[in-house]
Amino acid sequence: MERLEIQKTYKIFIGGQFPRTESGRFYSLQNKKGDILANICLSSRKDFRNAVTAARGAFGGWSGRAAFNRSQILYRIAEMLEGRKEQFISELILQGASSKTALEEVTLSIDRFVYYAGWCDKYQALFSSVNPVASSHFNFSIPEPTGVVSVIASEESSLIGLVTAIAPIIAGGNTCVVLASESKPLCAVTFAEVLNTSDLPGGVVNILTGKSDELHSHFSSHMDVNALSYYRKNKSEIKTIKENASLNVKRIFIYDTLDITSDKAQSPYLIFDTQEIKTTWHPIENVGSAKAGY
Amino acid sequence: MSKKQENKIGLDFKTDWAYAPAPEDTKHINLQKQYDLFIDGKFVKPNSKKYFDTTNPATEQKIAELAEADEKDVDKAVKAARKAFDKWSKISAKERGKYIYRIARLMQERAREFSVIESLDGGKPIRESRDIDVPLAANHFFYNAGWADKLEYAFPNRTPKPLGVAGQIIPWNFPLLMAAWKIAPALAAGNTVVLKPAETTSLTALKLAELIRDSGLPDGVVNIITGAGRTGAAMVNHPDINKIAFTGSTDVGKMIQKAIAGTDKKLTLELGGKAANIIFEDAPLDQAVEGIVNGIFFNQGHVCCAGSRLFVQESVADIVIRKLKDRMETLIVGDPMDKNTDIGAINSKEQLLKIQEYIKIGKNEGADFYQSSCAVPGKGFFCRPTLFLNASQSHRIVQEEIFGPVLTVQTFRTIEEVIEKANNIAYGLSAGIWTDKGSKIFNLSSKMRAGVVWANTYNKFDPASPFGGYKESGFGREGGLHGLMPYLKF
Chain A
1 MERLEIQKTY KIFIGGQFPR TESGRFYSLQ NKKGDILANI CLSSRKDFRN AVTAARGAFG
61 GWSGRAAFNR SQILYRIAEM LEGRKEQFIS ELILQGASSK TALEEVTLSI DRFVYYAGWC
121 DKYQALFSSV NPVASSHFNF SIPEPTGVVS VIASEESSLI GLVTAIAPII AGGNTCVVLA
181 SESKPLCAVT FAEVLNTSDL PGGVVNILTG KSDELHSHFS SHMDVNALSY YRKNKSEIKT
241 IKENASLNVK RIFIYDTLDI TSDKAQSPYL IFDTQEIKTT WHPIENVGSA KAGY
Chain B
1 MSKKQENKIG LDFKTDWAYA PAPEDTKHIN LQKQYDLFID GKFVKPNSKK YFDTTNPATE
61 QKIAELAEAD EKDVDKAVKA ARKAFDKWSK ISAKERGKYI YRIARLMQER AREFSVIESL
121 DGGKPIRESR DIDVPLAANH FFYNAGWADK LEYAFPNRTP KPLGVAGQII PWNFPLLMAA
181 WKIAPALAAG NTVVLKPAET TSLTALKLAE LIRDSGLPDG VVNIITGAGR TGAAMVNHPD
241 INKIAFTGST DVGKMIQKAI AGTDKKLTLE LGGKAANIIF EDAPLDQAVE GIVNGIFFNQ
301 GHVCCAGSRL FVQESVADIV IRKLKDRMET LIVGDPMDKN TDIGAINSKE QLLKIQEYIK
361 IGKNEGADFY QSSCAVPGKG FFCRPTLFLN ASQSHRIVQE EIFGPVLTVQ TFRTIEEVIE
421 KANNIAYGLS AGIWTDKGSK IFNLSSKMRA GVVWANTYNK FDPASPFGGY KESGFGREGG
481 LHGLMPYLKF
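Chains A and B are the protein sequences, given in the same order. With my numbering applied, the first sequence closes on residue 294, and no number is skipped along the way. With my numbering applied, the second sequence closes on residue 490, and no number is skipped along the way.
Extracted from the complex, chain A is given alone in its bound form:
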């Protein structure tokens, strides 16, 4: 008798756990022929709020990690992605990609994580400064992560859309809640499994599946979210997001024109987007023969 395949239950990823949506709702993902590929969680406002709580809880620990340690963990994510390459390729093909473009998307995703692994302990050297103030003070400015970032990832791309959005945010020490592509959600759940086996602390990345038209207003109005990155082109959603952002002065980044498969979609400036700049003043005692020369 032929062996019956075990099908995977696609769930969401909150605080390092894989719960089903608390709403109990789902949508069926179909291929072009109309076969049902999987039942996907239709996440709710409550799921989002739980995810923000998890992200906030993880922020202190993650932002407090040594930059070098973050770099090791991002590299570990790349290693885990490489090991699961075949699985991602087959999911991308299920979602309609050709085998060639699927392979390209997966290798680009792996290399992009390696790229950002390298930045974890380097962007500070580019964006910091020692400021030669006129008074007798040692004055320096350094970037610090802004906090919890909500992300509405690209609808058109699956894995590379998530990687492009998430990597610069966590490289910079932030935590995030991400809404994956509604039409291409399979890789999102598998990607969460990669994150969960990469020594990334639970809650640093939380991934929801569902509909942007239901969730974008919550993503942008939540008072404990510090910034929002938006990778889609829906003008009315963008307007709502920008309006809601004013509730708590959220930083809003609209990447609607970013070609996420190009080299332009990876840069230390994308890390810088979700950084604050902190300037510290410290007096210099003027003893000895001359003033200090900073």
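Hints should not be assumed to be uniformly reliable.
Said to hold, decoys possible - With beta-carbon atoms standing in for the labels, derived distance ranges:
#, chain 1, residue 1, chain 2, residue 2, range
1, A, Ala125, B, Ala228, 35 to 43 Å
2, A, Glu144, B, Lys489, 32 to 40 Å
3, B, Glu420, A, Gly60, 25 to 33 Å
4, B, Gly438, A, Ala125, 20 to 28 Å
5, A, Pro201, B, Glu290, 29 to 37 Å
6, B, Thr414, A, Phe140, 56 to 64 Å
7, B, Lys379, A, Gln17, 41 to 49 Å
8, A, Pro283, B, Arg322, 27 to 35 Å
9, B, Glu71, A, His282, 52 to 60 Å
10, B, Asn424, A, Glu276, 51 to 59 Å
Said to hold, decoys possible - List of simulated lysine-lysine pairs, DSS-like, C-alpha gap at most 25 Å:
#, chain 1, residue 1, chain 2, residue 2
11, B, Lys323, B, Lys421
12, B, Lys471, A, Lys291
13, B, Lys98, A, Lys85
14, B, Lys83, B, Lys354
15, A, Lys291, B, Lys421
16, B, Lys94, A, Lys264
Derived from the structure by calculation, the hints contain no laboratory data. Since this is a predicted model, take the numbers as computed values, not measurements. Idealized CB from N, CA, C, for every residue including glycine.
For this one, chain A is given, so just place chain B on it according to the hints.
Positioned in the frame of chain A, the structure of chain B alone reads:
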């Protein structure tokens, strides 16, 4: 409190402080009896046909014999590096970085083997090779790997290009770590390398050669050749080397600078040091004493940036020196392979003789000699932790680098005085400042003519942090963004 009441308790460490031996296992390492030269991706016999011994300084026993590279071998290595440069510099920066990440990962995986060999061959305590040398070496590869495809961001408005073939000569005090400091930024910048480790401590560099071969790095990108001064001279004088990077003594550094005058070779020098470690009366004294000990006794004092000149403010001199002597009594000198050992073996007989010579000089100069009373193994090269109290600025033991566990102690009254004394020396590699007052730290750090200033800490190293000297301690930086510059042209 009157003076009589002070320190009546008296600390006796003799009775209760015996540690059971805690030897590190050495059975898991792989060592051959003989090592050849690593040229063009393969181990090859030396043209010289000569081999020399490398010994364990803690037991004086031979570990292996190593090939001695002569001028023809150097030429062969440089040709291999030149040939590889064409290919290596055309590989995309992203892929170049991935090769270097591989080296970092392989080193992390084999870290314990490297630590054990480092301690066997060089005499440093296993605790230091395990917790500092080897992890830092791997981290240097990891850190620099990331720069390979980001150089345009590091140096805006420029298109950084590699120099070509880098000839790198490294010392015996941190053999693997120095190899990493040299190779990692050179590769990240797109250069190829001929590296010569020191003749007494070549084993971990040769193990690194094996690791590099296993990593799949294209042949000839890294070549590692062994030998002594003559081999180094052949590298320095080779016409097809574009850059010399040297870490070692100031004397040899000056010879190299002179030798390459009239050529287009680029040069970085990381030379000797004689760092002032300055303790103010408002310092946290117990932490400062730990910092003094770490500053001078770390790696048997074989550290170019060692805090070898202690300056203590007069008002706290008595108490600091008493605490320092007490702490020195607890230091364990002995078997480098024992996890409890604080101070291992002096790297070579030659170096031990040099240290003993300086101890004689110090006594003759009139400084007050003090050593801890610890036991020292009968075999091997060892030196008790040593102080020279009441040293003065003109003493040779204050002015010259001893490169051993010997600390000179001077006192000072005012901050102006200590700045003057600290800077009044030909070296300028590092300095230490101990005070609870931040404003004093920032004043002092701007006044120290030294490339690295540690405040309320000492002997800290990180791949992201530039390291290098002022004045006769050399030029160029290793580590951080600045550490890439010596391997690039703009």
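Taking the hints in turn, this is what the structure says about them:
no.	hint	result
1	A:Ala125 - B:Ala228: 35 to 43 Å	holds (38 Å)
2	A:Glu144 - B:Lys489: 32 to 40 Å	holds (35 Å)
3	B:Glu420 - A:Gly60: 25 to 33 Å	violated (46 Å)
4	B:Gly438 - A:Ala125: 20 to 28 Å	holds (23 Å)
5	A:Pro201 - B:Glu290: 29 to 37 Å	holds (32 Å)
6	B:Thr414 - A:Phe140: 56 to 64 Å	violated (29 Å)
7	B:Lys379 - A:Gln17: 41 to 49 Å	violated (59 Å)
8	A:Pro283 - B:Arg322: 27 to 35 Å	holds (33 Å)
9	B:Glu71 - A:His282: 52 to 60 Å	holds (55 Å)
10	B:Asn424 - A:Glu276: 51 to 59 Å	violated (44 Å)
11	B:Lys323 - B:Lys421	holds (24 Å)
12	B:Lys471 - A:Lys291	holds (22 Å)
13	B:Lys98 - A:Lys85	holds (17 Å)
14	B:Lys83 - B:Lys354	violated (42 Å)
15	A:Lys291 - B:Lys421	holds (18 Å)
16	B:Lys94 - A:Lys264	holds (15 Å)
In summary, the numbered hints that this structure violates are 3, 6, 7, 10, 14.
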